[in-house]
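Residue numbers (UniProt numbering), protein chains in the order written: chain C, 1 to 351; chain H, 1 to 351; chain Z, 1 to 351; chain F, 1 to 351.
Heads up, a few of these hints could be off.
You can't tell identical chains apart in this list, so a pair holds if it fits in one copy or across any two.
Distance condition first, Cα-Cα at most 30 angstroms in a straight line; then the derived DSBU-like pairs of lysine-lysine [claimed, not checked]: (1) Lys253 / Lys112; (2) Lys265 / Lys138; (3) Lys112 / Lys252; (4) Lys303 / Lys265; (5) Lys40 / Lys253; (6) Lys265 / Lys115; (7) Lys265 / Lys112; (8) Lys3 / Lys25; (9) Lys138 / Lys270; (10) Lys189 / Lys41; (11) Lys3 / Lys270; (12) Lys265 / Lys41; (13) Lys112 / Lys3.
Derived by calculation from the structure, the hints in this document are not laboratory data.
Number of protein chains: 4
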Amino acid sequence: MVKVGIIGATGYAGNELVRLLMGHKDVEIMWYGSRNYIDKKYAEVYQNMFEIVEDTCLDDNMEELASKVDVIFTATPQGFLAGVLTEEILSRVKIIDLSADFRIKDVRTYEKWYKIEHRSPQFIEEAVYGLCELNRDKIKGARLIANPGCYTTCSILTAYPLVKEGLIDPDTLIIDAKSGTSGAGRGAKLPNLFCEVNENMKAYGVTNHRHTPEIEEQLGYAAGKEIVVNFTPHLVPMNRGILATEYATLNKKADGTLPTYEEVKAVYDKYYKNEKFVRVLEKDICPETKWVEGSNYVDVNFKIDERTGRIVMMGALDNLVKGAAGQAVQNMNLLFGFDEAEGLNLVPMFP
Amino acid sequence: MVKVGIIGATGYAGNELVRLLMGHKDVEIMWYGSRNYIDKKYAEVYQNMFEIVEDTCLDDNMEELASKVDVIFTATPQGFLAGVLTEEILSRVKIIDLSADFRIKDVRTYEKWYKIEHRSPQFIEEAVYGLCELNRDKIKGARLIANPGCYTTCSILTAYPLVKEGLIDPDTLIIDAKSGTSGAGRGAKLPNLFCEVNENMKAYGVTNHRHTPEIEEQLGYAAGKEIVVNFTPHLVPMNRGILATEYATLNKKADGTLPTYEEVKAVYDKYYKNEKFVRVLEKDICPETKWVEGSNYVDVNFKIDERTGRIVMMGALDNLVKGAAGQAVQNMNLLFGFDEAEGLNLVPMFP
Amino acid sequence: MVKVGIIGATGYAGNELVRLLMGHKDVEIMWYGSRNYIDKKYAEVYQNMFEIVEDTCLDDNMEELASKVDVIFTATPQGFLAGVLTEEILSRVKIIDLSADFRIKDVRTYEKWYKIEHRSPQFIEEAVYGLCELNRDKIKGARLIANPGCYTTCSILTAYPLVKEGLIDPDTLIIDAKSGTSGAGRGAKLPNLFCEVNENMKAYGVTNHRHTPEIEEQLGYAAGKEIVVNFTPHLVPMNRGILATEYATLNKKADGTLPTYEEVKAVYDKYYKNEKFVRVLEKDICPETKWVEGSNYVDVNFKIDERTGRIVMMGALDNLVKGAAGQAVQNMNLLFGFDEAEGLNLVPMFP
Amino acid sequence: MVKVGIIGATGYAGNELVRLLMGHKDVEIMWYGSRNYIDKKYAEVYQNMFEIVEDTCLDDNMEELASKVDVIFTATPQGFLAGVLTEEILSRVKIIDLSADFRIKDVRTYEKWYKIEHRSPQFIEEAVYGLCELNRDKIKGARLIANPGCYTTCSILTAYPLVKEGLIDPDTLIIDAKSGTSGAGRGAKLPNLFCEVNENMKAYGVTNHRHTPEIEEQLGYAAGKEIVVNFTPHLVPMNRGILATEYATLNKKADGTLPTYEEVKAVYDKYYKNEKFVRVLEKDICPETKWVEGSNYVDVNFKIDERTGRIVMMGALDNLVKGAAGQAVQNMNLLFGFDEAEGLNLVPMFP
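With the rest of the complex left out, here is chain C (with noise of 0.2 angstroms):
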């Protein structure tokens, strides 16, 4: 068995990451790691474990926990990794970290973006990007994994294959992504709150929310070159669910015309086929988030506009899962050599 400790147990990713554990048969979780609750049953804090975990609440001593498990997963605040991450640490045990603190190389991207200073730059090289359809071979023999954002994950993906086989101009590319309220996290603030969020719509973050980097970056491997896009996150009056629309003008073939439906859908089926977790829909299927709820997959599809000439890609995620917790534990499957879905083979709950 596998030894596990997770460091931001309490928050919504982190009880989702414990949700998940429980129905590996691989892995023992050693650690729940919250400071605020220390001390505290887990139980008490997510009663959804009663009677299923009895573990108290730890602190987030990442020295002490290296010494006890064989991964740690990171659901912390930004900065905290950082903060703590030592070669010692890193020597004795895998890390998975949901928080940014390693998903851009450039680290004054970084601090820029988060407006926080980056206290270990020495690590960012060897950290590997966690998207396991883009990077699977690379994720295998890392120490240091950074799982990607929510709004990310399902960004890319929806885009990647078009981008990368250049039938898309990654400088039109426009995501205009919808996002249910978990990905805001358990604090306790005021725009959070049932009222404010009920039967409401918004965007925010607009031109300047901390995913856009990390889109442009992994986007900008797949092209080739570095983008720019526009990026913007809307809050949705759901719990899960992230659903992105995303707009490009397509590369006109040699002979002026628009590469076709079935040219568009090769691509994605290139990339995805064997792809367990990202299912390309059928023709004129739009992809809705309540498909994937609870699940690892990613549901994509795409139409065609022949009027503007540009094309129209969707893809919905759970931002829970495959937007955090279920593709940190598909990352761990990769590290430890389990069947990468062993713990995913979650169906979709409906309704």
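Could you slot chains H, Z and F onto chain C? The hints should help.
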């Protein structure tokens, strides 16, 4: 592998059955029966099943089905099973009926409340009421299981120990139950439209809801006499979940005092301590439907009101799992000698 | 124009008061008191008021306010008004208090249930309980109005005629009430976060909610004796609306039979036929919270259960209107001799 | 008193018309037309109107109606009005049509997008597109008003000043719109059931939604040339509200730089400063649908993205008010010389 057929596979309960059976290691679904969607791919009716279920919907020919599978789940409208059941069928296949056709022993009571003629009363006697925690042994040897209603399961389990042990006067029992909207089914009816249900709440079926006689019959067995109760269901703007709040007058002890918290708790523990799927919560913690969502748990608790001499009992479950498909699977596990929890080790999903 | 001051203008009830008073032709709001937002533009706290309210939030100095306005609404936490009220103030200004400070005549009862010391018990006697349909005449001449609680208004009006006329045994009264989340206020508390409330339902304050003694006192007056009731509030995933489902044993008539529908209906009509804001629905129509949303109506109805000898009464209102700000305006109208419905001719918004 | 008739009074927009007209001091509703509910009391179809509207539903006989009222609102399915309109009718009564029948000047475009034959193209020319802020003067003298679509009103008003003044390249315009579910109407259709919509989000009508040509025509007038845009609607789990997020490339100034915030703001102010119902929010405040709920306001704002050279424009309105019934009343006010805001002085309801 036990071979399973489902009639009514495209209702919400049917879809939930499919979800649960996909995670059951000893069964295989051979037949997705759905009169309305014959020849349509199941995954086109429920896109959450895309790339998970490849089968096409079939009709509801019980005769043919009985020759192909070991157990049939009928998640069908009232009267369907009673209209087609024969000794021939029952001699070849186990049946777990999610409708009310065989739940009530007195056929006149059934016909009065359901306002339809019962077309195979000869099978009522042998049918076993499939509330696993109460009838475990009888279920194991049955051919025909009457799977309990969603409200009923919640209402009965919440009060059962106190009725059985005579702590409350069952004739004072008032059950105020609240349900998410999936209990109303997938029929396209105006009152179930999003805009009619959302931001709204109402009672319905006041004094005449069909689950009333089912509750009265089962709690009457526990009381050792016929009882009548008030049962009022309410529609709540959420997908899943039933919460039952139940009120009854506590019988005084010989010394004229009310039983204490500890005494009542001990009675609940007597019946539920070893029941995996019934969780008696800790003192003063009120059950919440979200804490059991997606799982087969029923959470129960109670509070004594010294001022009025009454006890307030509360129970919460997921109407599609313990209130329908989950209990059906639990019944199947008992019928076939599987671990009772096989396929049901579902951690509640939060949020 | 009557000059109005509001203390606690930035709570949900305060904001609703502003909404209603904006549509009142005889008043002018002079003071938007809000301790937490002093010097901030009111419309920045509530963007719905952008270009409607230009004022800036002020403090809660009652002394100063009393010299500037004709009436003060205090939509403040328990204990605030009792802590600052003086004869000096009361001699200069009318006060409509939306807190519970002056609702309960027995100060020991208040202190026991609210667990705070009452700091101006000398004003309790003269305060008039502002349930307009019951106390209309007394309200007109009062200086200090104790505006009823949201649950209380709904619970009392639903049962009042039957208690008053002796049709039910008030000691058998059980009130199962369900409320939208705005009743919990705008405080940034974890249990009120969207993800905690949405798709969830729970009881709370079981056997000890503070509205209990208020209900008991008022219905006790109607019964002509002290009574105790069970009152259980529940939190429902919607913004607005309270639904009270109430159960009581019907007193039999001299001939040993239960009263008929028509007899009970006549009693409701006796009290409410001329009440604009109480609508007794037609036979078999259950009240729904959505049908009164945004308006000052209370919809009530009932159903007799011949089997159990009980009656099920139901009432629905908008907790922020008839349950708080609307009733406060109705009280103001009575105090100042305006048409009782001025500013309250609000058609419920559906959907 | 102006006499009003409504055809299609039992749809959501029809019900909202009734709500608004009840608060209008100069009109009287004489006819509640509803083909599906003839002879049924209107208040039985919409219980919110109990004791407010005593009338019974009538048929949709336009001829008869034209002789009884001064203005007819048709809140009817596409094709209805075009199928029954005659010169005779138009000569006797003003018509405000909430359907799309007379919104599009090019009948071929209408027939292509709506896939129905237009049965009275002879009236298209004289019909005035009733977007009050754009066509105020023309509306005043019209006989036939084509009341704009909900998405259209929001989409056009959000971008109009920048298109009109040439600040953006209209051919780069991408409109990503999100709507509450009341926009889908009150028809009993499976995709609009609570459990299908709740906790879910999806795009629909991608590249072919019928509001596209209406947006293109109107913004084309502003641009002074034909334009094509991408318009993608989404279904959101809320009752009311549309949020449009719009993207376009900013035209550079002569000096090669982008316009500044102040310059863009000045353009919005030029068009909307004196418009009561369009609120240009303060810098960096994003429109939220809840802030306009129940009111006739459109809230708009924008953000310049220096990195991509694009501007992100946002607009929010209540689809049943400014997006349908409110705008219809605003048009009626213009037609009959009333104060343009009569009956529309509605403060948004929050929460």
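Between the shortest in-copy and the shortest cross-copy C-alpha distance, which are at most 30 angstroms for Lys253 and Lys112: within, between, both, or neither?
between (39 angstroms within a copy, 28 angstroms between copies)
Is it within a copy, between copies, both, or neither that the alpha carbon of Lys265 lies no farther than 30 angstroms from that of Lys138?
within (27 angstroms within a copy, 49 angstroms between copies)
Cα distance capped at 30 angstroms. Does Lys138 pair with Lys270 within a copy, between copies, both, or neither?
Close inside one copy (20 angstroms), not across copies (54 angstroms); limit 30 angstroms.
Regarding Lys265 and Lys112, is the shortest C-alpha distance of 30 angstroms or less found within a copy, between copies, in both, or in neither?
between (38 angstroms within a copy, 27 angstroms between copies)
Intra- versus inter-subunit Cα pairing at 30 angstroms for Lys3 with Lys25
both (12 angstroms within a copy, 25 angstroms between copies)
At most 30 angstroms between C-alpha atoms: does Lys189 with Lys41 qualify within a copy, between copies, both, or neither?
Classified as both; 24 angstroms inside a copy, 20 angstroms across copies.
Can you give me the call for Lys3 and Lys270, within, between, both or neither, at a CA distance of at most 30 angstroms?
Close neither inside one copy (36 angstroms) nor across copies (36 angstroms); limit 30 angstroms.
Given identical chains, is Lys40 near Lys253, meaning Cα to Cα at most 30 angstroms, within a copy, between copies, both, or neither?
neither (62 angstroms within a copy, 37 angstroms between copies)
Homo-oligomer pair classification [Lys115, Lys265; C-alpha up to 30 angstroms]:
between (40 angstroms within a copy, 28 angstroms between copies)
When no copy is specified for Lys112 and Lys3, does a C-alpha distance of 30 angstroms or less occur within a copy, between copies, both, or neither?
So Lys112 and Lys3 fail the 30 angstroms test inside a copy (36 angstroms) and across (51 angstroms) alike.
Is it within, between, both, or neither for Lys112 and Lys252, if the alpha carbons may be no more than 30 angstroms apart?
Classified as between: cross-chain Cα gap 26 angstroms, same-chain 36 angstroms, threshold 30 angstroms.
Give the relationship of Lys303 and Lys265 under a CA distance limit of 30 angstroms: within one copy only, between copies only, both, or neither.
The answer is within: 10 angstroms in one copy meets 30 angstroms, while 35 angstroms across copies does not.
Taken one by one, the earlier hints fail for this structure at numbers 5, 11, 13, listed in ascending order.
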